[in-house]
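2 protein chains.
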Amino acid sequence: MKVGLLGHGVVGGGVRKIIDDGLTWEVRELEVKKILVRDASECIDPRTTLNADEILNDPEIDVIVECMGGLEPAHTYVRKALENGKYVVTSNKKMLATYCSELFDAARKNNVTVHYEAACGGGIPWMASLDRTRRVDDIISFRGIFNGTTNYILERMSREHSSFAEKLQEAQKLGYAEQDPSDDIDGHDVRYKVSLSCVKAFDTLQNIEDIAVFGIRNIREEDLAWCARNNLACKLLGSGEYYGDCISAYVMPVFLDNEDVFADIPLNFNAIESNSLTLGRAMFVGQGAGSLPTAHAVVQNIIDIVKNQDPEINDKHPVPVDNSRHEGCYYIRTADPSAFAGIKAEDISDTALLSRKVSLQEIVRLANQAEDDTLFIAEVRK
Amino acid sequence: MKVGLLGHGVVGGGVRKIIDDGLTWEVRELEVKKILVRDASECIDPRTTLNADEILNDPEIDVIVECMGGLEPAHTYVRKALENGKYVVTSNKKMLATYCSELFDAARKNNVTVHYEAACGGGIPWMASLDRTRRVDDIISFRGIFNGTTNYILERMSREHSSFAEKLQEAQKLGYAEQDPSDDIDGHDVRYKVSLSCVKAFDTLQNIEDIAVFGIRNIREEDLAWCARNNLACKLLGSGEYYGDCISAYVMPVFLDNEDVFADIPLNFNAIESNSLTLGRAMFVGQGAGSLPTAHAVVQNIIDIVKNQDPEINDKHPVPVDNSRHEGCYYIRTADPSAFAGIKAEDISDTALLSRKVSLQEIVRLANQAEDDTLFIAEVRK
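Each protein sequence line maps, in turn, to chains A and B.
Numbering-wise (this note's numbering), the first sequence opens with residue 2 and increments by one.
Numbering-wise (this note's numbering), the second sequence opens with residue 2 and increments by one.
Just so you know, these hints were derived from the structure itself, not from any lab.
Since the model is a prediction, treat every value here as computed from it, not as a measurement.
Please note that the accuracy of each hint is not assured.
[As the list claims (entries may be wrong)] As a list, the in silico DSS-like pairs of lysine-lysine whose alpha-carbon atoms are at most 30 Å apart:
{"#": "1", "chain 1": "A", "residue 1": "K308", "chain 2": "A", "residue 2": "K18"}
{"#": "2", "chain 1": "B", "residue 1": "K110", "chain 2": "B", "residue 2": "K95"}
{"#": "3", "chain 1": "A", "residue 1": "K383", "chain 2": "B", "residue 2": "K358"}
{"#": "4", "chain 1": "A", "residue 1": "K308", "chain 2": "A", "residue 2": "K34"}
{"#": "5", "chain 1": "B", "residue 1": "K3", "chain 2": "A", "residue 2": "K308"}
{"#": "6", "chain 1": "B", "residue 1": "K345", "chain 2": "B", "residue 2": "K95"}
{"#": "7", "chain 1": "B", "residue 1": "K3", "chain 2": "B", "residue 2": "K81"}
{"#": "8", "chain 1": "A", "residue 1": "K345", "chain 2": "A", "residue 2": "K358"}
{"#": "9", "chain 1": "A", "residue 1": "K34", "chain 2": "A", "residue 2": "K81"}
{"#": "10", "chain 1": "B", "residue 1": "K174", "chain 2": "A", "residue 2": "K383"}
{"#": "11", "chain 1": "A", "residue 1": "K18", "chain 2": "A", "residue 2": "K34"}
{"#": "12", "chain 1": "A", "residue 1": "K383", "chain 2": "A", "residue 2": "K358"}
{"#": "13", "chain 1": "B", "residue 1": "K3", "chain 2": "B", "residue 2": "K308"}
{"#": "14", "chain 1": "B", "residue 1": "K308", "chain 2": "A", "residue 2": "K110"}
{"#": "15", "chain 1": "B", "residue 1": "K174", "chain 2": "B", "residue 2": "K95"}
{"#": "16", "chain 1": "B", "residue 1": "K308", "chain 2": "A", "residue 2": "K3"}
{"#": "17", "chain 1": "B", "residue 1": "K110", "chain 2": "A", "residue 2": "K308"}
{"#": "18", "chain 1": "B", "residue 1": "K308", "chain 2": "B", "residue 2": "K18"}
{"#": "19", "chain 1": "B", "residue 1": "K174", "chain 2": "A", "residue 2": "K308"}
{"#": "20", "chain 1": "B", "residue 1": "K95", "chain 2": "B", "residue 2": "K34"}
{"#": "21", "chain 1": "A", "residue 1": "K95", "chain 2": "A", "residue 2": "K110"}
{"#": "22", "chain 1": "B", "residue 1": "K383", "chain 2": "B", "residue 2": "K358"}
{"#": "23", "chain 1": "A", "residue 1": "K308", "chain 2": "A", "residue 2": "K3"}
{"#": "24", "chain 1": "A", "residue 1": "K174", "chain 2": "B", "residue 2": "K383"}
[What the hints assert, rightly or not] If you only want the chain B side, here are some residues facing chain A, beta carbon under 10 Å, derived:
{"#": "25", "residue": "R136"}
{"#": "26", "residue": "D181"}
{"#": "27", "residue": "D265"}
{"#": "28", "residue": "I266"}
{"#": "29", "residue": "F270"}
{"#": "30", "residue": "G287"}
{"#": "31", "residue": "Q288"}
[What the hints assert, rightly or not] Part of the chain B face toward chain A, derived, beta carbon under 8 Å:
{"#": "32", "residue": "I19"}
{"#": "33", "residue": "D21"}
{"#": "34", "residue": "L24"}
{"#": "35", "residue": "T25"}
{"#": "36", "residue": "S130"}
{"#": "37", "residue": "R135"}
{"#": "38", "residue": "T279"}
{"#": "39", "residue": "R282"}
{"#": "40", "residue": "L293"}
All residues carry an ideal CB built from backbone N, CA and C; glycine is no exception.
Next comes chain A alone, as it looks inside the complex:
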């Protein structure tokens, strides 16, 4: 099977290396025929090209691997690949979550499939596990630490009692966080992954905007100090829950019991858990990023294509997001506590309070009303 690589950075370089190294017979059946690079200076391999059409129109190439990142031109290239009857494997969660509906339609029309294990949880076989579990079970819910950057910042802040700004800077220096870290710290990266997980878990495609999102940009040492005093650990979780006629779907900092397995997930690891009827809770922990783990997931997807282990394109059960169905108690720190007085259960400090049990939709509504640039909200699960 001949493969065309779009992108030769961290992930693309890893895919090329794994296929070129050919450790197993399954991998030796693959061949990287062409590699799209951005700049003539990268053309050190005879297979590289600066012209995407050379790859997208090559009749010998069966599979396109897209790991360029960003919306364009990735989206246009993937669409063209599908229209040309090529299978697509992508690690680009932002592009796929944004254009999922359109690209799945294009795949269906051209009798090919789109695979995206690497877009969601890096090396963790999360998508494959959902596919496998669903052969026997309905998925009731999932939750996960889907983002290593925020996991790093939260863990370091907790341990070293240091500020968000300091630890963000440290993560940037170490290359864990981008120079513009908004996608990570505001929860958008996790939102893309929750959206793709809902497709696999619940057969439903959602508008990204319908998934509630709270990030960690405003977290302060005092929030984590309260956590520590109550034997809780703070993690940014992405979650989905199935209610038959609707789902809840959200990204939110959660204060978890210190003895929850998720509380000890180390720095650069991701952890994702599904709950289903007969299997019960099943959790997967692995490297959520990095060249080789992510490339491993891409190569697994190419082998799925070779073995005709195509997933169904799962958008046959369209149900809306309704976050009124998820209820919890929330830690709320705000410049204007009066805005949340109606749901208060107890005061924590002059600026922080604990809510009574309330729906997530109500929290979203109050947070939008508050117009507070310093607002920090976390669900408390003791």
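Put chain B on the given structure of chain A with help from the hints.
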């Protein structure tokens, strides 16, 4: 695909229920045709029979599910099923680990396969994950909490500062431990699972006896008190490591850093981790026992057979166990400390010592020499 069930207890009953309920189209393609029960009083379903041959010789039955437990007659029935050209799915680790070589040969000769996801880690998709990872990677090592009974006893002892005898009795009352708990507390149950994991992970079949085994029968409150003082948690782990020309394979209590993800695996859960070249560390946590999770694993294996996702029979790389290759520091409590004087790094108490870094083979040799009925040994991994 028509299925014959041998055994209708906790696992067999769960398999019948999942197939009868037929939640997914994949499951609805299956049909339980006959069920072997032990006693006429169990013949409440028209499909039950007391005569195994009625199932084993039924030409309509393609797959035999063996979940009777014990060596005989399970072994004889499985062998006969294979000789009759039937696929076999078994949850019986003791029987399979004991007769692995013979049964794999019989399967090969009759062009069928033996599947055993449920024999090793209950509902955790451990075997499927090893198969999948190995399409791309070599497995370097694995380690796991493979036994819920001992995990329950160790966790309760640690929390409540209570004795082994007391917590064993409690586990027996709750139905977690058998009336004869030797297989669990002496580590034999985990040894069977390590043996089967070595087949999948390293392509090598081992004599059970070559796998080193240390249990928790002799553990005392003072051992766990030392653990707690050093911020360690005690878990009974099964492990395998690949060295190219040999493997190490062993079952042993391990004192782990409290922040190791394994330290917080809750009572009745199992956790298993593989480490491989490109994927790195990948961990799976789930229910290690119980009717429906284990039955889920059995049904997944039947669907693997339907989908022709047969694993290779992996004994093509026979290498010996050589536990001289695994080195560690060990906590040793013994009535005769002088027997371990040669490897002592420091005294912990009159009866306990910490060894210097030494090979596991040396520990096995000294433990055998010591002839100490109270001996307790754990590896210390800080």
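Hints, one by one, checked against the model:
For the hint pairing A/K308 with A/K18, the CA-to-CA distance comes to about 21 Å; that is within 30 Å, so the pair holds. Distance hint between B/K110 and B/K95 is fulfilled; the C-alpha atoms sit about 23 Å from each other, no more than 30 Å. Taken as a hint, the A/K383 and B/K358 pair is broken in the structure, with Cα atoms around 41 Å apart against an allowance of 30 Å. Straight-line distance between C-alpha atoms of A/K308 and A/K34 comes to about 20 Å, which keeps the hinted pair within the 30 Å bound.
Our distance criterion of 30 Å between C-alpha atoms is met by B/K3 and A/K308, whose separation comes to about 25 Å. Between the alpha carbons of B/K345 and B/K95 the distance comes to roughly 36 Å, so the proposed pair goes past 30 Å and is violated. The suggested pairing of B/K3 with B/K81 holds, with an alpha-carbon distance near 17 Å, which does not exceed 30 Å. A threshold of 30 Å between alpha carbons decides the hint, and for A/K345 with A/K358 the separation of about 9 Å falls inside it, so the pair holds.
At roughly 18 Å between alpha-carbon atoms, A/K34 and A/K81 fall within 30 Å of each other, so this suggested pair holds. A threshold of 30 Å between alpha carbons decides the hint, and for B/K174 with A/K383 the separation of about 28 Å falls inside it, so the pair holds. For the suggested pair A/K18 and A/K34, the alpha carbons sit about 13 Å apart, so the restraint of at most 30 Å is met. Between A/K383 and A/K358 the alpha-carbon distance is near 13 Å, which keeps this suggested pair within the 30 Å criterion.
Of the supplied pair hints, the one linking B/K3 and B/K308 holds, its CA atoms being roughly 14 Å apart against a limit of 30 Å. Straight-line distance between C-alpha atoms of B/K308 and A/K110 comes to about 25 Å, which keeps the hinted pair within the 30 Å bound. Restraint check for B/K174 and B/K95: the C-alpha separation of about 24 Å stays at or below 30 Å, so the hint holds. A distance of roughly 25 Å separates the Cα atoms of B/K308 and A/K3; the hinted pair therefore holds under the 30 Å criterion.
For the given pair, B/K110 sits about 25 Å from A/K308 by alpha-carbon distance, which is consistent with the 30 Å threshold. Our distance criterion of 30 Å between C-alpha atoms is met by B/K308 and B/K18, whose separation comes to about 21 Å. Proximity of B/K174 to A/K308 is assessed by CA-CA distance (about 48 Å); at most 30 Å being required, the pair is judged violated. Distance check on the hinted pair: B/K95 and B/K34 sit about 26 Å apart at the alpha-carbon level, within 30 Å; holds.
Restraint check for A/K95 and A/K110: the C-alpha separation of about 23 Å stays at or below 30 Å, so the hint holds. As the CA atoms of B/K383 and B/K358 are separated by approximately 13 Å, the hinted pair is consistent with the 30 Å bound. At roughly 14 Å between alpha-carbon atoms, A/K308 and A/K3 fall within 30 Å of each other, so this suggested pair holds. Distance hint between A/K174 and B/K383 is fulfilled; the C-alpha atoms sit about 28 Å from each other, no more than 30 Å.
For B/R136, the shortest C-beta to C-beta distance to chain A is roughly 4 Å, which falls under 10 Å, so the interface hint holds. The closest approach between the C-beta of B/D181 and any C-beta of chain A is roughly 28 Å, which is over the 10 Å cut-off, so the hint fails. Residue-level restraint check for B/D265 holds (minimum Cβ-Cβ distance to chain A is 5 Å; threshold 10 Å). Hint status for B/I266: holds, given a least beta-carbon distance of 6 Å to chain A, under 10 Å.
Evaluation of the B/F270 hint against chain A yields a held restraint, the C-beta minimum of about 8 Å falling below 10 Å. Residue-level restraint check for B/G287 holds (minimum Cβ-Cβ distance to chain A is 4 Å; threshold 10 Å). Below 10 Å, beta-carbon pairs count as interface contacts, and B/Q288 has one with chain A at about 5 Å; its hint therefore holds. Taken as an interface hint, B/I19 checks out: its beta carbon lies about 6 Å from the nearest beta carbon of chain A, inside 8 Å.
Because the closest C-beta pair between B/D21 and chain A is about 12 Å apart, greater than 8 Å, the hint is violated. Satisfaction of the interface hint for B/L24 is found here, the shortest Cβ-Cβ separation to chain A being roughly 6 Å, below the 8 Å cut-off. Proximity of B/T25 to chain A holds as hinted, the smallest CB-CB distance being about 6 Å (cut-off 8 Å). Interface hint status for B/S130: upheld, as the beta-carbon distance to the closest one in chain A is roughly 6 Å, under 8 Å.
Checking B/R135 against chain A: minimum C-beta separation of about 7 Å stays under 8 Å; hint holds. The interface hint given for B/T279 holds, since its Cβ lies 4 Å from the closest Cβ of chain A, which is under the 8 Å cut-off. About 7 Å separates the beta-carbon of B/R282 from the nearest beta-carbon of chain A, less than 8 Å, and the hint is met. For B/L293, the interface hint holds, since its Cβ comes within 8 Å of a Cβ in chain A; the closest pair sits about 4 Å apart.
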